[in-house]
Amino acid sequence: MRPQSIVSLIVAVLLVIVGLVTCMIAQNMAQANGEYLFSEIRGEDNVQTVDLTDSEISKIELIVEDAEINIYGKSEKSYIEFVNFKENYYSLSATNRILSFDEIPDLMSMLKFWENGFSFKGMRYILNFSGTSEETENKQKAINVYLTKDKLIKIFDIQTKTGTITIKDMVSETDYNIIAEDAEVNISTLKTSSALNINTGSDANPVDPAKNLTLNLTTAFINNLSVSAENLQMTANLFRCSGNGEIICNTGAVTIDSVTKTAEMNLEIRSAGGFVHIDGETVSPPYNHIGSESNPGKLSINTVTANVSVRSANQTPNSDETAAGE
Numbered sequence: 000m001r002p003q004s005i006v007s008l009i010v011a012v013l014l015v016i017v018g019l020v021t022c023m024i025a026q027n028m029a030q031a032n033g034e035y036l037f038s039e040i041r042g043e044d045n046v047q048t049v050d051l052t053d054s055e056i057s058k059i060e061l062i063v064e065d066a067e068i069n070i071y072g073k074s075e076k077s078y079i080e081f082v083n084f085k086e087n088y089y090s091l092s093a094t095n096r097i098l099s100f101d102e103i104p105d106l107m108s109m110l111k112f113w114e115n116g117f118s119f120k121g122m123r124y125i126l127n128f129s130g131t132s133e134e135t136e137n138k139q140k141a142i143n144v145y146l147t148k149d150k151l152i153k154i155f156d157i158q159t160k161t162g163t164i165t166i167k168d169m170v171s172e173t174d175y176n177i178i179a180e181d182a183e184v185n186i187s188t189l190k191t192s193s194a195l196n197i198n199t200g201s202d203a204n205p206v207d208p209a210k211n212l213t214l215n216l217t218t219a220f221i222n223n224l225s226v227s228a229e230n231l232q233m234t235a236n237l238f239r240c241s242g243n244g245e246i247i248c249n250t251g252a253v254t255i256d257s258v259t260k261t262a263e264m265n266l267e268i269r270s271a272g273g274f275v276h277i278d279g280e281t282v283s284p285p286y287n288h289i290g291s292e293s294n295p296g297k298l299s300i301n302t303v304t305a306n307v308s309v310r311s312a313n314q315t316p317n318s319d320e321t322a323a324g325e
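No gaps in the numbering here: position 27 of the sequence shown is 26 in numbering that gives the first Met the number 0, and each next residue is one more.
Some hints here could point you the wrong way.
What follows is a list of derived Cβ distance ranges for each label pair [stated by the list, open to error]:
hint: 1; residue 1: N249; residue 2: S283; range: 17 to 23 angstroms
hint: 2; residue 1: G279; residue 2: N204; range: 37 to 43 angstroms
hint: 3; residue 1: K73; residue 2: V282; range: 36 to 42 angstroms
hint: 4; residue 1: S192; residue 2: K167; range: 14 to 20 angstroms
hint: 5; residue 1: D149; residue 2: S241; range: 21 to 27 angstroms
hint: 6; residue 1: D50; residue 2: D278; range: 19 to 25 angstroms
hint: 7; residue 1: A271; residue 2: E172; range: 34 to 40 angstroms
hint: 8; residue 1: S241; residue 2: T161; range: 30 to 36 angstroms
hint: 9; residue 1: I103; residue 2: D181; range: 16 to 22 angstroms
With a straight-line Cα cutoff of 25 angstroms, these simulated SDA-like cross-link-like pairs (lysine to any residue) come out [said to hold, decoys possible]:
hint: 10; residue 1: K76; residue 2: D181
hint: 11; residue 1: K167; residue 2: V49
hint: 12; residue 1: K150; residue 2: T213
hint: 13; residue 1: K148; residue 2: N95
Hints in this document: simulated from the structure, not taken from any laboratory.
A virtual CB, placed ideally from N, CA and C, is assigned to each residue, including glycine.
Please work from the sequences and hints to get the whole structure.
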């Protein structure tokens, strides 16, 4: 055997040993932290599950490129499923009562640095020795959050470029902060004494408006609402904003069926070129109406050419609790 071949063999053996030791260390760290080192294959999907039953998680941060994100309340158990995300191309951590998932579509995510170390899931995922086909890699990615009625998550921070976000049967004091470029948000049977913010920033942390946003609200009772999009298609049925609401868009359409009668709403609508309808009647913008001086809350809609319709809902729930599915 040539000396060069012997050296190459020794180097290869050393690399194998280092890899095995690294994997063993990572596995022990994962077991100690309650993390999964390898994903579970469930049918045709690759699924990783995180149990939230006994956790003290109060905030969930989700950052993805393109995925379905589903948040379901009134479940029998509290847990999260991460479906069809390629191994080593995301980071998942739970520290300081914050669960964070961050999809990173590059090879640098092979090593995931944690607060107390790192985990390495194996070169086979990078070299594709696992037999992952292109069809598997292109499967629909999804994050499913299931929460019991008494499991309180105070804050959801969600960032996505494209995808669909669904929130259903959530009755809690939860803030929902969503940042998206091109997305569809479907919310049904929601009651929160906090806020729903979509592409809303601050002076210190400005956020660009969503480019294209479809927002569907059905039986939604929200304290504060803030929505900003270039093109907005918004439909709200059986909707109430008890605090301050602000909707900003350039184009599209905003249709709101309000549980609160329009005569009792503090309402401001500004439009440069769109039609404005209040209870089916055309009004000239800017439209300002003070329905209750004792109510400090106000719904403001500012648009360039979007058509706006606000009307009293034909159906009125007996109570907020009934409407929110309690």
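Hint check:
no., hint, verdict
1, N249 with S283: 17 to 23 angstroms, "holds, 20 angstroms"
2, G279 with N204: 37 to 43 angstroms, "holds, 40 angstroms"
3, K73 with V282: 36 to 42 angstroms, "holds, 40 angstroms"
4, S192 with K167: 14 to 20 angstroms, "holds, 18 angstroms"
5, D149 with S241: 21 to 27 angstroms, "holds, 23 angstroms"
6, D50 with D278: 19 to 25 angstroms, "violated, 49 angstroms"
7, A271 with E172: 34 to 40 angstroms, "holds, 37 angstroms"
8, S241 with T161: 30 to 36 angstroms, "holds, 32 angstroms"
9, I103 with D181: 16 to 22 angstroms, "holds, 20 angstroms"
10, K76 with D181, "violated, 31 angstroms"
11, K167 with V49, "holds, 20 angstroms"
12, K150 with T213, "violated, 28 angstroms"
13, K148 with N95, "holds, 23 angstroms"
Consistency note: the structure conflicts with the earlier hints numbered 6, 10 and 12.
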